[in-house]
Amino acid sequence: MIRLRYFASLRETLGRGDEQLELPEEVNDVSSLTRWLQSRGKVWECALSDSRLHVAINQEVVKPDTPVSDGDEVAWFPPVTGG
Amino acid sequence: MIRLRYFASLRETLGRGDEQLELPEEVNDVSSLTRWLQSRGKVWECALSDSRLHVAINQEVVKPDTPVSDGDEVAWFPPVTGG
Amino acid sequence: MIRVQTEDFDTGSELEQLRERCAGQAGAVVCFVGLVREFNEAETVLTMTLEHYPGMTEKALGKIEQEARRRWELTDAIIIHRVGPLVPNDRIVFVAAASAHRKFAFQACEYMIDTLKTRAPFWKNETTPEGSRWVEGN
Amino acid sequence: MIRVQTEDFDTGSELEQLRERCAGQAGAVVCFVGLVREFNEAETVLTMTLEHYPGMTEKALGKIEQEARRRWELTDAIIIHRVGPLVPNDRIVFVAAASAHRKFAFQACEYMIDTLKTRAPFWKNETTPEGSRWVEGN
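Keeping their order, the protein sequence lines are chains A, B, C and D.
In this text, residue positions in the first sequence follow this note's numbering: the first is 1, and each later residue adds one.
In this text, residue positions in the second sequence follow this note's numbering: the first is 84, and each later residue adds one.
In this text, residue positions in the third sequence follow this note's numbering: the first is 167, and each later residue adds one.
In this text, residue positions in the fourth sequence follow this note's numbering: the first is 305, and each later residue adds one.
Please keep in mind that the hints were generated in silico from the structure rather than gathered at the bench.
Take the hints with a grain of salt, since some may be wrong.
Okay, the calculated bits of chain B under chain D, using three or more residues with CB under 8 Å as the criterion [to be verified]:
#1 87 to 93
#2 153 to 166
Pairs of lysine to any residue residues, derived as SDA-like cross-links and limited to a Cα-Cα distance of at most 20 Å, are as follows [claimed, not checked]:
#3 D:Lys421 - B:Gly98
#4 C:Lys269 - C:Glu296
#5 C:Lys283 - A:His54
#6 B:Lys146 - D:Arg423
#7 D:Lys421 - D:Gly328
#8 C:Lys283 - C:Ala266
#9 C:Lys269 - D:Pro358
Ideal Cβ positions, reconstructed from N, Cα and C, are used throughout, including at glycine.
Could you build the full structure based on these sequences and the hints that come with them?
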């Protein structure tokens, strides 16, 4: 199982903030996981194609080629605006 | 009459912080006033020869060639160390 | 010391506790307080809600504090950030750095707030008379 | 707003009053607090006394505040400086700048304390176990 999280405007667009799923066989890194999610439909394809999105694995920001493993928490979010 | 003021270490060296005197005839600017005070004796000559001293007339820092007039308040003090 | 909380913080009490912890070792304390503004990009802000990523937020702020302590000689460092609903003039964030040296305290405080604004997972949602909108980041 | 006083000041209350005066206009407040250190140039400081030039001090601080307001867009600026006897960890000086912009608040606050340290007529006298001495300026 992996846990997926979406924040802020992305959470609103996707209509969910949190989900769990079995790691799909064709997924081995952030890029392939994002592509797999985009295949869910138009909204997913569009929302996750924003090049400004950040991805974190286990709460550390990572790059597209970072491996994804069973048990990971993977989060997508727009540029931060705190402070 | 002019009012003369001395602060901090200079006040301690000269043994006074404040005095009033008639403007001497040969005094027309800060330099000549300082020289006149230095003629009072060894301690005055030495203490007022420190090139790091600042002079203020009527509470504004001035240069050696600034004129001194009757009614002025003239102050000598070492570099400031507040804050 | 870092904290993420919905409730307000007491700036004076935080500065006083910092001073007690420093006990004669710090000559300089610099603090930054971020407040909610009534206007953003010419629109009136009625309320603001801060979303964050619980867990990652605390890690990110802890790293920023540690990095500031590593780069400058600090006797103390604090980051407090609020989340949840806020209104104009509410305090959002408090950052403080104490050091024996004034320049270090200024540099460390500015480093922490600058870095927080680009690295810590917080997102602002503003309600204006036209509805609600997410503040755009870079 | 500038003040010169022998009594202590309340940092939290000063920041709170500044926030009320800014009422939604300031997004950023930066403050500096100077404290008496226990050590100066490797010597233990038992007490410190701040002498000043009454009248000129207020003029000098007022000019520094006005110059900061002229150079940056500030919604508020404060300088409070104590005089008289102090002990280690006592507050000496409080400088604050509020602005719509974070960089302006940092720059204005640092400008005010830097300028105060070279232009305002204050002199520190420290008592150490070896006796009393005037802190040397530049």
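The hints, checked one at a time:
1. With a threshold of 8 Å between beta carbons, the proposed coverage of the stretch 87 to 93 of chain B by chain D holds, since 4 of its residues qualify and at least three are required.
2. Coverage of the stretch 153 to 166 of chain B by chain D holds. Counting CB-CB distances below 8 Å, 8 residues qualify, and the rule asks for three or more.
3. For a cut-off of 20 Å, the pair hint linking Lys421 (chain D) to Gly98 (chain B) is broken: about 26 Å separates their Cα positions.
4. Only pairs whose Cα atoms come within 20 Å are accepted, and Lys269 (chain C) paired with Glu296 (chain C) is rejected, the gap being roughly 44 Å.
5. Between Lys283 (chain C) and His54 (chain A), the direct Cα distance comes to roughly 14 Å. Compliance with the 20 Å bound is thereby established for this hinted pair.
6. About 15 Å separates the Cα atoms of Lys146 (chain B) and Arg423 (chain D), which keeps this hinted pair within 20 Å; it holds.
7. Proximity of Lys421 (chain D) to Gly328 (chain D) is assessed by CA-CA distance (about 32 Å); at most 20 Å being required, the pair is judged violated.
8. Straight-line distance between C-alpha atoms of Lys283 (chain C) and Ala266 (chain C) comes to about 26 Å, which puts the hinted pair past the 20 Å bound.
9. Simply put, Lys269 (chain C) and Pro358 (chain D) have alpha-carbon atoms about 29 Å apart, too far for the 20 Å limit, and the pair is violated.
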